[in-house]
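Engineer: All chains, full assembly: derive it from the sequences and hints.
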Amino acid sequence: MAILVTPETRILVQGITGDFGSRHARLSLDYGTQLVAGVTPGKGGQSFEHGTHKVPIYDTVANAAKQSGATVSVIFVPPPFAADAILESIDAGMDLVVAITEGIPVNDMVRVKHAMRGSKTRLIGPNCPGIVTPGEGAQSHGGCRIGIAPGYIHKKGNVGVVSRSGTLTYEAVWQLTSRGFGQSTCVGIGGDPVNGTSHLDVLKMFNDDPETEAIIMIGEIGGDAEELAAEWAAVHCKKPIAGFIAGATAPPGRRMGHAGAIVSGGKGTAADKIAAFKAAGIAVAETPSVMADTLLRHWGKA
Amino acid sequence: MNIHEYQARELFEKFGVATSQGRVAATADEAIEVARSLGDKPIVVKAQIHAGGRGKGTFTNGFKGGVHMCKNPEEAGEIAGKMLGQTLVTHQTGPEGKVVSKVLVAEAVDISRELYFAILLDRATSQPVVIASTEGGMDIEAVAEHAPEKIMREFVNPFLGLQPFQTRKLADALGLKGKQASQAGKLFTALYKLFMARDCSQIEVNPLVVTPDGQLLALDAKFNFDDNALFRQPEIVAMRDKSEEDPREVAASEFNLNYIGLDGNIACLVNGAGLAMATMDIIQYCGGKPANFLDVGGGASKEQVSAAFKIILSDPNVHGILVNIFGGIMDCNVIANGIVAAARETHLGIPLVVRLEGNNVAAGKQTLAESGLTIITGSDLADAAHKVVAAVKAA
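Protein chains in written order, with my numbering: chain A, 1 to 302; chain B, 1001 to 1395.
If you are wondering where the hints come from, they were derived from the structure by calculation, not from laboratory data. Just so it is clear, CB atoms sit at the ideal spot from N, CA and C, and this is done for glycine as well. It is possible that some hints are incorrect.
As the list claims (entries may be wrong) - Distance ranges between label pairs, derived from CB positions:
no.: 1; chain 1: A; residue 1: Arg-117; chain 2: B; residue 2: Gly-1175; range: 32 to 42 Å
no.: 2; chain 1: B; residue 1: Gly-1094; chain 2: A; residue 2: Asp-208; range: 43 to 53 Å
no.: 3; chain 1: A; residue 1: Ala-115; chain 2: B; residue 2: Pro-1164; range: 20 to 30 Å
no.: 4; chain 1: B; residue 1: Glu-1303; chain 2: A; residue 2: Glu-49; range: 24 to 34 Å
no.: 5; chain 1: B; residue 1: Glu-1303; chain 2: A; residue 2: Gln-139; range: 23 to 33 Å
no.: 6; chain 1: B; residue 1: Gln-1366; chain 2: A; residue 2: Gln-139; range: 19 to 29 Å
As the list claims (entries may be wrong) - List of simulated lysine to aspartate or glutamate pairs, DMTMM-like, C-alpha gap at most 25 Å:
no.: 7; chain 1: A; residue 1: Lys-267; chain 2: B; residue 2: Asp-1122
no.: 8; chain 1: A; residue 1: Lys-113; chain 2: B; residue 2: Glu-1154
no.: 9; chain 1: A; residue 1: Lys-267; chain 2: B; residue 2: Glu-1145
no.: 10; chain 1: A; residue 1: Lys-267; chain 2: B; residue 2: Glu-1135
no.: 11; chain 1: B; residue 1: Lys-1289; chain 2: A; residue 2: Glu-286
no.: 12; chain 1: B; residue 1: Lys-1056; chain 2: B; residue 2: Asp-1199
no.: 13; chain 1: A; residue 1: Lys-156; chain 2: B; residue 2: Asp-1380
no.: 14; chain 1: B; residue 1: Lys-1302; chain 2: B; residue 2: Glu-1254
no.: 15; chain 1: A; residue 1: Lys-204; chain 2: B; residue 2: Asp-1122
no.: 16; chain 1: A; residue 1: Lys-267; chain 2: B; residue 2: Asp-1263
no.: 17; chain 1: A; residue 1: Lys-54; chain 2: A; residue 2: Asp-19
no.: 18; chain 1: A; residue 1: Lys-267; chain 2: B; residue 2: Glu-1204
no.: 19; chain 1: B; residue 1: Lys-1302; chain 2: A; residue 2: Asp-19
no.: 20; chain 1: A; residue 1: Lys-301; chain 2: B; residue 2: Asp-1380
no.: 21; chain 1: B; residue 1: Lys-1041; chain 2: B; residue 2: Glu-1030
no.: 22; chain 1: B; residue 1: Lys-1222; chain 2: A; residue 2: Asp-224
no.: 23; chain 1: B; residue 1: Lys-1186; chain 2: B; residue 2: Asp-1213
no.: 24; chain 1: B; residue 1: Lys-1289; chain 2: A; residue 2: Asp-272
no.: 25; chain 1: B; residue 1: Lys-1150; chain 2: A; residue 2: Asp-224
no.: 26; chain 1: A; residue 1: Lys-267; chain 2: B; residue 2: Asp-1139
no.: 27; chain 1: B; residue 1: Lys-1179; chain 2: B; residue 2: Glu-1135
no.: 28; chain 1: A; residue 1: Lys-301; chain 2: B; residue 2: Asp-1383
no.: 29; chain 1: A; residue 1: Lys-267; chain 2: B; residue 2: Asp-1227
no.: 30; chain 1: B; residue 1: Lys-1014; chain 2: B; residue 2: Glu-1030
no.: 31; chain 1: A; residue 1: Lys-113; chain 2: B; residue 2: Glu-1075
no.: 32; chain 1: A; residue 1: Lys-267; chain 2: B; residue 2: Glu-1254
no.: 33; chain 1: B; residue 1: Lys-1393; chain 2: A; residue 2: Glu-286
no.: 34; chain 1: B; residue 1: Lys-1193; chain 2: A; residue 2: Asp-84
no.: 35; chain 1: A; residue 1: Lys-113; chain 2: B; residue 2: Asp-1227
no.: 36; chain 1: B; residue 1: Lys-1222; chain 2: B; residue 2: Glu-1107
Structural biologist: Spelled out as structure tokens, the structure:
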């Protein structure tokens, strides 16, 4: 079943005519994803063409969703306009909004998060690589690729991957695929301090998903989302989890690339998170090179 | 982004946050003039650098202390003259210190109580939180650990803002009564407006004081601003003082590279913030010490790779380089060409270990192999990290 999205899920792209949005829209179409509509205000009525694909463009998300039957929106809109784009998708009643945009002001996200209370929409991101549910074809073709992850490194299978970081997710996925183990769904929740979906939210979904048999959870310094997820997993998670935390060598008080990756006031250190993982029975990878191997040992597959 | 104390006070004045009288001065004469304008009051002269610990710091010319009390304007001018243009070393500046180009000249305020007041973002609940404590002037983290009951937290609904009843609760918890309570209401509300209007990620008032005559004043504050919001905060951007920042970090930001200098000897160049942190970690795990954090981003160009090499090599402590690229979408061969060009351009004389994986990796590895340069390749991240640590130890 996978989580959040399946190969049949219909997607619309907000910001499809921009440089970034169009590049990744093409890659998703090549991957076989059901990318059915685009939204760029002022360009409604035009279409986005790629090979044999002709994706209609609309002025508003509401209209795009209505005409195309899309239930998921992915956002490539520049930071000053991204919060508005997310709110537009919530207003249009999308099931899921995936915000790829990096650099959205934190105060904008604080308001978006509060505006979302009580809505049925789930937000993933912002500042995230997106979601991949691999397909059955060669190099996982035919899957649902939302965002900027390289599709071909995936393989259909039974490991769920959740991470704040894009390239560390790819690293974990590639290690799994190279060892013959596929993924149910890979979710990048993003590196910002205020995001829509937490490690814990995704863990719960993986726990309930019959197709997911084991989980890799990747975290980094800053905040306490990893600790909260670990605390829950210790009691409720039925599936083996391997974890990795980045940033053990990061100096305190400095933001390490991601807006949320900062140790402040002695809180959010890698040591605390690793200790929380261990206390919860999560197998901790000592280095990012052994994320898959650590899981496979813990899972009894190696 | 950080700002100077005098700039924090300018923001206080603009938003109606009560503070002491004072102004910035760039020369000794200006310092005298400012001191005279304050009237016949005791004066304090404070060196303006971003680092803390100024009072206990020492100038490289031997003059002690970056904060001095003065009896009259002439003395304020004399002290300012000893600070301006000189280098102040504190426990936060490192041994090289910081050049003082401005001083704050302000009335010296008598203090009967020191309080703690801060506004910051609470990540867990995604909203601003006000933190107040009667234990001003103390290390607030130590208070949180040893006397958590002395710390009050008030969460703020971002749509409503800080409400009057909340400022009353805070004033009450701080023991501010009567006229002081109403002063507190005004001061806290003004600070919250400033926090939101200028996209602050933190305002820590240190200290918030009560004077013997009952005035409540915010004397100094540590501000942090949300870098993501600087595009709409021209007033804050204008306050940036690049001379306070690591020149390598300033150079990197001009090329859209994310660089943070550290004190190790193995440099790294990585795509993606998470992988860049993890690469630093694995260098340490293998027995080395990372010299920097460097994220070249998801779509690095040849020019960016070249600029990144130059920045890395401007650090004299660097004795080896580890390049770790997981090119998911990015073409590994483009990166390989960038590495080769940069290594040639900089006449690289230290070990270079490259780990490439992903899109078009075979062509990338071939480019490296055919370059004629001594480039060590790593089969995976662990292999590459071991090799760079070994190469640096052998050199």
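Engineer: Compare the structure with each hint and give your call.
Structural biologist: Against the structure, the hints:
no., hint, verdict
1, Arg-117(A) with Gly-1175(B): 32 to 42 Å, "holds, 35 Å"
2, Gly-1094(B) with Asp-208(A): 43 to 53 Å, "holds, 51 Å"
3, Ala-115(A) with Pro-1164(B): 20 to 30 Å, "holds, 24 Å"
4, Glu-1303(B) with Glu-49(A): 24 to 34 Å, "holds, 31 Å"
5, Glu-1303(B) with Gln-139(A): 23 to 33 Å, "holds, 31 Å"
6, Gln-1366(B) with Gln-139(A): 19 to 29 Å, "holds, 22 Å"
7, Lys-267(A) with Asp-1122(B), "holds, 12 Å"
8, Lys-113(A) with Glu-1154(B), "holds, 19 Å"
9, Lys-267(A) with Glu-1145(B), "holds, 12 Å"
10, Lys-267(A) with Glu-1135(B), "holds, 20 Å"
11, Lys-1289(B) with Glu-286(A), "holds, 17 Å"
12, Lys-1056(B) with Asp-1199(B), "violated, 32 Å"
13, Lys-156(A) with Asp-1380(B), "holds, 23 Å"
14, Lys-1302(B) with Glu-1254(B), "holds, 15 Å"
15, Lys-204(A) with Asp-1122(B), "holds, 23 Å"
16, Lys-267(A) with Asp-1263(B), "holds, 22 Å"
17, Lys-54(A) with Asp-19(A), "holds, 18 Å"
18, Lys-267(A) with Glu-1204(B), "holds, 17 Å"
19, Lys-1302(B) with Asp-19(A), "holds, 19 Å"
20, Lys-301(A) with Asp-1380(B), "holds, 22 Å"
21, Lys-1041(B) with Glu-1030(B), "holds, 17 Å"
22, Lys-1222(B) with Asp-224(A), "holds, 24 Å"
23, Lys-1186(B) with Asp-1213(B), "holds, 18 Å"
24, Lys-1289(B) with Asp-272(A), "holds, 21 Å"
25, Lys-1150(B) with Asp-224(A), "holds, 23 Å"
26, Lys-267(A) with Asp-1139(B), "holds, 15 Å"
27, Lys-1179(B) with Glu-1135(B), "holds, 21 Å"
28, Lys-301(A) with Asp-1383(B), "holds, 24 Å"
29, Lys-267(A) with Asp-1227(B), "holds, 21 Å"
30, Lys-1014(B) with Glu-1030(B), "holds, 22 Å"
31, Lys-113(A) with Glu-1075(B), "violated, 54 Å"
32, Lys-267(A) with Glu-1254(B), "violated, 31 Å"
33, Lys-1393(B) with Glu-286(A), "holds, 23 Å"
34, Lys-1193(B) with Asp-84(A), "holds, 22 Å"
35, Lys-113(A) with Asp-1227(B), "holds, 19 Å"
36, Lys-1222(B) with Glu-1107(B), "holds, 20 Å"
Consistency with the previously given hints fails for numbers 12, 31, 32, ordered from lowest to highest.
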